[in-house]
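Going line by line, the protein sequences match chains L and V.
According to our numbering, the stretch in the first sequence is residues 294 to 514, in order.
According to our numbering, the stretch in the second sequence is residues 175 to 291, in order.
Simulated from the structure, these hints should not be mistaken for laboratory data.
Glycine included, C-beta positions come from ideal geometry on N, C-alpha and C.
Accuracy of the hints is not assured; some may be wrong.
[Claimed, not checked] Facing chain L, a subset of chain V residues (Cβ under 8 Å, in silico):
| # | residue |
| --- | --- |
| 1 | Gly203 |
| 2 | Gly207 |
| 3 | Tyr208 |
| 4 | Ser225 |
| 5 | Asp226 |
| 6 | Met228 |
| 7 | Tyr230 |
| 8 | Pro231 |
| 9 | Lys234 |
| 10 | Arg235 |
| 11 | Lys238 |
| 12 | Arg253 |
| 13 | Arg254 |
| 14 | Arg255 |
| 15 | Arg256 |
Spelled out, the chains give:
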Amino acid sequence: MFDLDAAVAGWRAGFARDRAFSRFDLDELEDHLRAAYEVELHLNPGLAPAAAFDQARAVLGAPEELSGEYTKVEGTGWRRPVTVGWVMFAVSWFLPVHRGGITLADLDWGEGLLPGVQALLVAFDYGESFFGVASALTNLLMVATFWRISDAGRPRATLSAAFLIAAMALNLWWLVEADPANDLLAGYYAWAASFGVAGSGLLLRARALPDPGSRDLIAAG
Amino acid sequence: MEPTTPIPLSKELVAASSRPMVLSILAGGESYGYEILQRVRLLSAGRIEWSDGMLYPVLKRLEKEGLVVGTWRTMESGRRRRYYRLSAKGHKQLEADRAGWAAVHGALSLTWGGSGV
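So that you can see chain L by itself, here it is in the shape it has in the complex (with noise of 0.2 Å):
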């Protein structure tokens, strides 16, 4: 017996393995699959319904065909700044962020501390300062970014960006409060930068996205 929704789920899996494709992508792409099914279906009758799908599928092309013009559309200018500014912002956890502090050369395993990992607590920790705890928070909007800000539509993508841009600039405290020459190291600069580089390029993803609204809104039908 052919289940009409597993075989879609089936083509919507080979779909989402290639980036190109946002989740929008595929609902639109999927309305169209089904739609020519059910016509395929109409107009021959007596074709089987795995026949008729096949033949949607078929009509509808392959992901290697439809990637190029996606990603033409949509430009991926973007991927390259936010996966360089997640990278830093992983690395940085590693690197020393103050004179200080521990290193990972020094670093006792059992305690199970990352250099960053200290910097944080201390961070939470300093002197009861807003700007240490607020700096510190700055860390779950990073990791927010990492949820499908593929599929993010252009409101999401605009307030990521502005967020982090706000979070790199809220971070810079930290040089009016330690002294840069002398007490930071490359940890806190890799980690403060990775803010500012990943938001700029979810702003280069907001730009190429539709106007605002248009793309995430559901009317009632």
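We have chain L already, so just place chain V on it with the hints.
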């Protein structure tokens, strides 16, 4: 009787005609991808055959340029469908495209008419 077998169009001609074709169809009212493709086939009596999946990047580009506006709707079946309508900017672009294509068509008609093609 008019031929109904699709004739191969060059990539360049398909690309150049896609915008005025889609804008012209949407000038008649909002529509969605599958319906737009059927309209193209119907209007051209099957002589223009677009690859189904290729329409959607065109719609995305038009939306990005602000010429059309897309809206998701949930159908009675629960399925989501994206509808497109012409924006004010799209109407202006359609007028410009129409004038341009009419000029090209007029010039070619005169040329081919004169040479007996």
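Do the hints match the structure? See the list:
1. Proximity of Gly203 of chain V to chain L is violated relative to the hint, the smallest CB-CB distance being about 16 Å (cut-off 8 Å).
2. For Gly207 of chain V, the interface hint holds, the least distance from its beta-carbon to any beta-carbon of chain L being 5 Å, beneath 8 Å.
3. At a threshold of 8 Å, the smallest CB-CB gap from Tyr208 of chain V to chain L is about 4 Å, leaving the interface hint in force.
4. About 6 Å separates the beta-carbon of Ser225 of chain V from the nearest beta-carbon of chain L, less than 8 Å, and the hint is met.
5. With a least beta-carbon distance of about 5 Å to chain L, the hint placing Asp226 of chain V at the interface is held under the 8 Å criterion.
6. For the restraint placing Met228 of chain V at the interface with chain L, the shortest Cβ-Cβ distance is roughly 6 Å, inside the 8 Å limit, so the hint holds.
7. With a least beta-carbon distance of about 6 Å to chain L, the hint placing Tyr230 of chain V at the interface is held under the 8 Å criterion.
8. Proximity of Pro231 of chain V to chain L holds as hinted, the smallest CB-CB distance being about 4 Å (cut-off 8 Å).
9. Evaluation of the Lys234 of chain V hint against chain L yields a held restraint, the C-beta minimum of about 5 Å falling below 8 Å.
10. Interface hint at Arg235 of chain V: satisfied, since its Cβ lies 5 Å from the closest Cβ of chain L, which is below the 8 Å cut-off.
11. Nearest Cβ of chain L to the Cβ of Lys238 of chain V: about 6 Å, under the 8 Å cut. The hint holds.
12. Annotation: Arg253 of chain V was flagged as interfacial toward chain L, and the flag holds, the nearest CB pair being 6 Å apart, inside 8 Å.
13. At a threshold of 8 Å, the smallest CB-CB gap from Arg254 of chain V to chain L is about 5 Å, leaving the interface hint in force.
14. Taking 8 Å as the C-beta cut-off, the interface hint given for Arg255 of chain V holds, the closest approach to chain L being about 5 Å.
15. Hint status for Arg256 of chain V relative to chain L: holds, with the closest Cβ pair at about 5 Å, below 8 Å.
The structure shown violates just one earlier hint, number 1.
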